[in-house]
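Residue numbering for the sequence shown follows this note's numbering, starting at 40 and increasing by one per position.
Please keep in mind that the hints were generated in silico from the structure rather than gathered at the bench.
Do not take every clue at face value.
Listed below are the simulated SDA-like cross-link pairs for lysine to any residue, each with C-alpha atoms no more than 20 Å apart in a straight line [unchecked claim]:
hint, residue 1, residue 2
1, 71, 149
2, 103, 162
3, 103, 166
4, 103, 64
5, 103, 72
6, 103, 81
7, 103, 69
8, 103, 78
9, 103, 65
10, 103, 165
11, 103, 60
12, 71, 104
13, 103, 77
14, 103, 150
15, 103, 147
16, 103, 143
17, 71, 115
18, 103, 176
19, 103, 171
20, 103, 139
21, 103, 76
22, 71, 176
23, 71, 117
24, 103, 131
25, 103, 168
26, 71, 151
27, 71, 109
28, 103, 119
Predicted model only: the values in this text are computed from it and were never measured.
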Amino acid sequence: PTGEYDNTRLINLGANRWGAITEVGFSYPVGKWDFEGALAAWIFGDNDDFLGMRLQQNPLLVAKFHAIRTIRPGFWWALAAGYGHGGRTTVDGVPRNTTQSNWRLAFVMAYPIRLNQGVSLSIGSGGNFGAGTDFDTISVGYQYSWGGR
40 PTGEYDNTRL
50 INLGANRWGA
60 ITEVGFSYPV
70 GKWDFEGALA
80 AWIFGDNDDF
90 LGMRLQQNPL
100 LVAKFHAIRT
110 IRPGFWWALA
120 AGYGHGGRTT
130 VDGVPRNTTQ
140 SNWRLAFVMA
150 YPIRLNQGVS
160 LSIGSGGNFG
170 AGTDFDTISV
180 GYQYSWGGR
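My request is simple: use the sequences and hints to build the entire structure.
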């Protein structure tokens, strides 16, 4: 674990536990389209000092899919979808109502403004069928690349 951890506080920079994400994916090009998908498992270690108790969490299983359309080199747009389920926690052996069942949808576009610079736009939405919250996002980004092409 990294970051500061104080077992008397509910919110901490550190988590006093380890975590790992295992993922396998594919990419399948068809003309100017690329189809990508991935399956992942987020695995969590135990926090043996969570407010003086033991926190355990089941794996969170995730599936993602992207359909990417290349307009020209550096200029593309994509539709993305994802779903995650699991992650239920127990505290000192008592199960909590924290199972996640969440979906995400997004539109992403990238546009080059120079050989080594570009801008991007992302519009997304997410919802849940269990623990968690619904949300909508809009983000704008700027990329600068060093090095070769």
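Going through the hints against the structure:
1. Distance hint between residue 71 and residue 149 is fulfilled; the C-alpha atoms sit about 15 Å from each other, no more than 20 Å.
2. At roughly 16 Å between alpha-carbon atoms, residue 103 and residue 162 fall within 20 Å of each other, so this suggested pair holds.
3. For the given pair, residue 103 sits about 15 Å from residue 166 by alpha-carbon distance, which is consistent with the 20 Å threshold.
4. In summary, the hint linking residue 103 to residue 64 is supported, as the alpha carbons are separated by about 9 Å, within the 20 Å threshold.
5. The hinted pair formed by residue 103 and residue 72 meets the criterion: a straight-line CA distance of about 17 Å does not exceed 20 Å.
6. Note on residue 103 and residue 81: the hinted pairing holds, with a Cα-Cα distance of about 13 Å set against a maximum of 20 Å.
7. Between the alpha carbons of residue 103 and residue 69 the distance comes to roughly 19 Å, so the proposed pair stays at or under 20 Å and holds.
8. The suggested pairing of residue 103 with residue 78 holds, with an alpha-carbon distance near 7 Å, which does not exceed 20 Å.
9. Between residue 103 and residue 65, the direct Cα distance comes to roughly 10 Å. Compliance with the 20 Å bound is thereby established for this hinted pair.
10. A hinted pair counts as satisfied when its Cα atoms are at most 20 Å apart, and residue 103 with residue 165 qualifies at roughly 13 Å.
11. Note on residue 103 and residue 60: the hinted pairing holds, with a Cα-Cα distance of about 14 Å set against a maximum of 20 Å.
12. Under the criterion of a C-alpha separation no larger than 20 Å, the hint pairing residue 71 with residue 104 is consistent with the structure, at around 17 Å.
13. The hinted pair formed by residue 103 and residue 77 meets the criterion: a straight-line CA distance of about 5 Å does not exceed 20 Å.
14. Between the alpha carbons of residue 103 and residue 150 the distance comes to roughly 23 Å, so the proposed pair goes past 20 Å and is violated.
15. With a CA separation close to 14 Å, the supplied pair residue 103 and residue 147 stays within the 20 Å bound.
16. Only pairs whose Cα atoms come within 20 Å are accepted, and residue 103 paired with residue 143 is accepted, the gap being roughly 9 Å.
17. Our distance criterion of 20 Å between C-alpha atoms is met by residue 71 and residue 115, whose separation comes to about 10 Å.
18. With a CA separation close to 18 Å, the supplied pair residue 103 and residue 176 stays within the 20 Å bound.
19. A distance of roughly 18 Å separates the Cα atoms of residue 103 and residue 171; the hinted pair therefore holds under the 20 Å criterion.
20. In summary, the hint linking residue 103 to residue 139 is supported, as the alpha carbons are separated by about 16 Å, within the 20 Å threshold.
21. About 5 Å separates the Cα atoms of residue 103 and residue 76, which keeps this hinted pair within 20 Å; it holds.
22. Proximity of residue 71 to residue 176 is assessed by CA-CA distance (about 27 Å); at most 20 Å being required, the pair is judged violated.
23. At most 20 Å may separate the alpha-carbon atoms for a hinted pair to count; residue 71 and residue 117 meet this at roughly 12 Å.
24. Restraint check for residue 103 and residue 131: the C-alpha separation of about 33 Å exceeds 20 Å, so the hint is violated.
25. This hinted pair checks out: residue 103 and residue 168 have alpha carbons roughly 17 Å apart, not beyond 20 Å.
26. The straight-line distance between the Cα atoms of residue 71 and residue 151 is roughly 17 Å, inside the 20 Å bound, and the hint therefore holds.
27. At roughly 5 Å between alpha-carbon atoms, residue 71 and residue 109 fall within 20 Å of each other, so this suggested pair holds.
28. With a C-alpha separation of about 7 Å, the suggested pair residue 103 and residue 119 falls inside the 20 Å cut-off, and the hint holds.
Hint violations for this structure: numbers 14, 22, 24, all remaining hints satisfied.
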